[in-house]
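*Asks:* As a plain string of letters, each chain reads:
Number of protein chains: 2
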Amino acid sequence: MAMLRAAKHAMRSLGSTAPEAAPFSRMLHASPGSKKIVGVFYKANEYASLNPKFVGCVEGSLGIRDWLESQGHQYIVTDDKEGPNCELEKHIHDMHVLITTPFHPAYVTAERIKRAKNLQLLLTAGIGSDHIDLKAAAEAGLTVAEVTGSNVVSVAEDELMRILILVRNFVPGYLQVIKGDWNVAGIAYRAYDLEGKTVGTVGAGRIGKLLLQRLKPFNCNLLYYDRIKMDPALEKEIGAKFEEDLDTMLPKCDIIVINTPLTEKTRGMFNKERIGKLKKGVLIVNNARGAIMDTQAVADACSSGHIAGYSGDVWNPQPAPKDHPWRYMPNQAMTPHISGTTIDGQLRYAAGVKDMLDCYFKGQEFPAQNYIVKEGKLASQYQ
Amino acid sequence: MAMLRAAKHAMRSLGSTAPEAAPFSRMLHASPGSKKIVGVFYKANEYASLNPKFVGCVEGSLGIRDWLESQGHQYIVTDDKEGPNCELEKHIHDMHVLITTPFHPAYVTAERIKRAKNLQLLLTAGIGSDHIDLKAAAEAGLTVAEVTGSNVVSVAEDELMRILILVRNFVPGYLQVIKGDWNVAGIAYRAYDLEGKTVGTVGAGRIGKLLLQRLKPFNCNLLYYDRIKMDPALEKEIGAKFEEDLDTMLPKCDIIVINTPLTEKTRGMFNKERIGKLKKGVLIVNNARGAIMDTQAVADACSSGHIAGYSGDVWNPQPAPKDHPWRYMPNQAMTPHISGTTIDGQLRYAAGVKDMLDCYFKGQEFPAQNYIVKEGKLASQYQ
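For the record, the sequence lines run as chains A and B. The first sequence: position 132 = 144 (this note's numbering), numbered continuously. The second sequence: position 165 = 177 (this note's numbering), numbered continuously.
One should not assume that every hint holds.
Copies of the same chain look alike in the list, so a pair counts if it fits in one copy or across any two.
Unchecked claim - Listed below are the simulated DSS-like cross-link pairs for lysine-lysine, each with C-alpha atoms no more than 27 Å apart in a straight line:
(1) K228 to K248
(2) K366 to K284
(3) K389 to K277
(4) K147 to K228
(5) K209 to K334
(6) K264 to K292
If you're looking for bench data, these hints aren't it; they were derived computationally from the structure. All figures in this text were calculated on a predicted structure; none of them were measured in a lab.
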């Protein structure tokens, strides 16, 4: 395992200076013993006991407490992550590993990294490490890794659900039912079939591809924009057309799905100007990251009707404050950040975190695709 | 076109007795002139003007008024269908054609048929003619026809949406958002991936097949029960396994979808006893007809948790009264009857009704698959 700070730390312990070419995995082996591991998850309270497979919450603790403690490690788990007196802050100075999730993100700032003198490893239980200052983590020689692939199916399924919810105008129908109303026209006047519509995904990585595969039998016109054109055989199998230029693709779309990580390039990508160029009545699904959108520009375009529907589970920040404008804009079908934390997804990312911790204790490499920051370098999708 | 009463009516006009073997289409030609056509649709009020393609409502009148009137026919359209003083009642005695829809069903009882002395043709704008007493219609020599295929894609898409809404526990997440809450655990403890689950459809006709095709990329275990086993090639393409016995299939299913018409055989099919034998935590999607379920048995099983989620757009009766128990049972994701009346669906069934009226005026046959009652016989799915 390559871990600059682990190496530096090991060097300090050994009282020597590491030659730059030394294998870092050996360095980690040079730093054995009990580790302090901190996990920040959402709290389940009364829901914790309702499902024995519910491992993704504070109470479930990824199901790895007994395993960690039996090996002599210390495992602190909390949901208290904000402000100077929070539980997380008490452990910043001496933790070796921090496990976080995108669903209840502990924001790992440069300032926190600076104070975390023993920190070697940041693990994301799930996918998406933008709540971590990756540049600062790289500079500090930390390793950042995700459980790549753990919940891509979960998110892709959820995106297809949201496309259908918007296209078919589900929410007003449900609200009529619980209010005791019955007005078919009030739903039908803007309910459509998905068949025949143009769907474009911004990003066609693991999740985008799974979405396109699931969209194929719906007989849509499928488009994708990505840094990389797919292999022609895969493109044919999926039935989607590559679009080289984002702003050429977007105005063609009846439905746009965001499947790109949050980076400095994608932050605020959908601002007032870009939204203004979309087809009037466009539907947008965003399970990627809230900050890819300009919050107020989305709310304004929903109010004017330029965006006819917006659905997603990601917000900026999270948890969304009570006065977040997306809670109150018309034609939204939002939820809290949930798509990647189904019970099936939790079981997979809990197993992935355990595997990586095991590698870490043994000084072994992680699966290559899991690295987000390694040896001071960011993974390509974050560059 | 075969139409016993048209024939009898024509015979009366001609003052002769028709030989039983005479081609009925000729008989219809023998009864030319202006027809009185009544359409019963849902009213759109303020929504009518919001979409020029919104033809399925009273105001839109299927977009055939000018065409009908230019040919000298009379066209009455209303949503007022209940009680002795309703608008529909005023026209029962002299109408020739009645167009109805499943979304706002005009219940065509034996008693109404008896009083409709001039009636020849009952057209369903959409699919599903169970709001008509088909036996009485057959005995009276009426023709009943639907626009078969017009909205099967619309309904199948909607079913897949509802499967995902239930599996992934969407509704509590949405309600949190609009109430200003944020509690990921309260959703996640019972949110799952669709992948790997067993989905069974009761009925695999046009809609059931389209649903199975759309489910294929989700990597589920797909089962179907039907009167007829699919062609092996189609079965392989769809990837679903035939189940000969309904009660053998049902307890295997994590998710059950109802895709059978309402007939005397299917009415009340899901009663307390049958529901009791389903897997605990089963999810049910029913866009077929409300009366296939025992209303109270479904509500009770949702309350006990035996059914973990129920979603559909069909009720018994429609419109659903304010105190219908399905409005208030836990874990429901219901809407008014909407899945087959998307704008795309409306345009297709409006065109189909126009085509059949044109055939009727010209004494030509309808497409064979459209007939529900023809020459005194019910279509096979209603037998």
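*Asks:* To test your reading of the hints: which numbers does this structure violate?
*Replies:* 2, 4, 5
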